[in-house]
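*Asks:* Chains as they are written, first to last, in our numbering: chain A, 780 to 1144; chain B, 780 to 1144.
What the hints contain is simulated information worked out from the structure, not anything from laboratory work. A few of these clues could be false.
Where chains are identical, the list cannot tell them apart; a pair therefore holds if satisfied intra-copy or between any two copies.
[Stated by the list, open to error] Below, simulated DSS-like cross-link-like pairs (lysine-lysine); rule was C-alpha separation at most 27 Å, straight line:
{"no.": "1", "residue 1": "Lys975", "residue 2": "Lys900"}
{"no.": "2", "residue 1": "Lys900", "residue 2": "Lys790"}
{"no.": "3", "residue 1": "Lys1028", "residue 2": "Lys866"}
{"no.": "4", "residue 1": "Lys827", "residue 2": "Lys839"}
{"no.": "5", "residue 1": "Lys1121", "residue 2": "Lys976"}
{"no.": "6", "residue 1": "Lys976", "residue 2": "Lys1095"}
{"no.": "7", "residue 1": "Lys1109", "residue 2": "Lys788"}
Spelled out from the first residue to the last, the chains are:
2 protein chains.
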Amino acid sequence: MRSSLQDSKLKIGILGGGQLGWMMILEGRKFPFQFYVLEENPNAPACKIADKYFRPDEYKQFVDSCDIVTYEFEYVYGKALEYASEKDKLIPNIENIKLKRARHEEKLYYAKHGFPTARFKIAENGTEALRIAEEEFNSRAVIKQSYGGYDGKNQYFVNGKVYEFLFLTEVKEKFVVEEFVNFDYEASTIVVRDGKKTIAYPPTYNLNLKGILVHNYGPIENDRIIEIAKRLADSLDYVGAMGVEFMVKGEDIFINEFAPRVHNTGHYTLDAAFVSQFENHIRAITGLELGSTELFCHGGMLNILGEGDVSLEVLKYGKLYWYGKDEVRKRRKMGHINVVGKSLEEVKQKINELWRIVYSNGLML
Amino acid sequence: MRSSLQDSKLKIGILGGGQLGWMMILEGRKFPFQFYVLEENPNAPACKIADKYFRPDEYKQFVDSCDIVTYEFEYVYGKALEYASEKDKLIPNIENIKLKRARHEEKLYYAKHGFPTARFKIAENGTEALRIAEEEFNSRAVIKQSYGGYDGKNQYFVNGKVYEFLFLTEVKEKFVVEEFVNFDYEASTIVVRDGKKTIAYPPTYNLNLKGILVHNYGPIENDRIIEIAKRLADSLDYVGAMGVEFMVKGEDIFINEFAPRVHNTGHYTLDAAFVSQFENHIRAITGLELGSTELFCHGGMLNILGEGDVSLEVLKYGKLYWYGKDEVRKRRKMGHINVVGKSLEEVKQKINELWRIVYSNGLML
């Protein structure tokens, strides 16, 4: 355990230069750390505020010059992740990423360790996936390609019409086929673990559309979500902040997936909590005392998706975080707006007002 | 009034690279602004995170390349201030700085406009100041040199022993001599004004020792402080965030001084309020909608003065802001720790714990 600031002049490397890295740096600047970023696009949000920028082919110099390497996105920079792990600098550890990158492994892990998750089968290819969807799940299933899935990519909701997905017979890769859960709502929590202590932010209600988070708000009173998410972090021997997503149906809860990093559903902690998920991630990976996850009030967030401009009227209702990305694309996360309120109702109303302003021409996903 | 983000890609210049500029940039990064800093020491806190750094002799390029120029310290860079003012880019305006730099003008302003302040006389030189202290104030007075006073510099507390200050007879400059107010406590508030709307954060109790702030906490319920501070901002036609310090004695309040910028007693707003003084300053000077000054909870701050290291035990009680200054000096502000709590008592207790940790060898001022 580090005992004083002067023992803690660390160089922290972040793999990926997106908004999650950007907020890690903004929140981490309070400490005497340097932040190095490895990323393909030198104009990505985190690169612009990093102490030093590295191209992907410079991954060895990057890892060698850092004391600790973390990541803000787990699907890329495989060589850098491997090398940082070899050098014993990668936190959270690479096992979490491997599990995350292979959806069938993730689901098998839940099953093996007794974590509640929707009933599933593993298919060796697309043809088998469609057969399972039809025969085992009565054509009401979610088919997820095992590799390369995030933000709703490579996920297919089969709702009685298997023939609409016949193109999947071309795909010779593993799939997870799971029961379609007609959930009451989606929820998530952010767990933070430093290796000894495991804490969690209160759960939130999340609205995902076409596999992408649009808004969330909380807290929800649900101790089982907290308990299971903490147990998952402990079971994975996780260090850092991690998002765990659930589907809730009546008394039942199902883990949908975990993300071994800071998470979009935790952005509201920048404003509704004393210590944000970003600061707590930094504290956890550097061995500093974790901060309180208690909320001051009710809070929430609306993502700004695929919009290159926003009316400043939004500032009446909340705090804008504009990521400064160089290109607008459909579905792309361009920024978000955090809101707080004295009740869940107040937060929901503010999110509704913001939705009207941000998506005045409709939300295109 | 700017209507959308894309109308607001501003380059904001900050005169001075200290911690106030550093926090302005950290808080302003959410907006699509660029931050340029003019400062003598390229290793000063704000310089390290600025988009562009300018030396003092480059003040013309600096001002010419910015859309708006603001400042984090009002005692230096006179030419740059004048030039930015000429170019109509300086916010808050230069009249505030001129008033602030000449203490006798500041006091005369209070008197002229009916703001409560301690009874005072103006002396043309040190000899006259001592005579006034003795004859008018019965040798119980505060003698303040009119120019060059901040953080307790050039201030003398005469407590019955005028002869201890005979060295002042050498000084041929203007002084303010004011009645010694045996106040119950010192307080301050941060006012924010955008030219139309004037809002204020709740007042705090402040502890100044040898003229330097050590800690503060709040809120205090005191509507007169708020009302007078707002009226002062209106009277000065002020734009931006501004600190106003008071002495409180029974039912009486006296303005001690104002600071035409973000203020050390407003650091707690980073954590106890939804929108901090720094973000609101940025919103005010750029013409964006002001944010709420409501507090989530009770809050406070302990300054880290003249200490080059700090035990990480402080993280149990609060959030550390370490400015990363390159040199430790006695009385120098090296960082601060923000705390929050459910009551004033809880905040005070945390500040006491922090004091014990930070100043384990005693506080040297």
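*Asks:* Check each numbered hint against the structure and report the violated ones by number, ascending.
*Replies:* 1, 2 and 3
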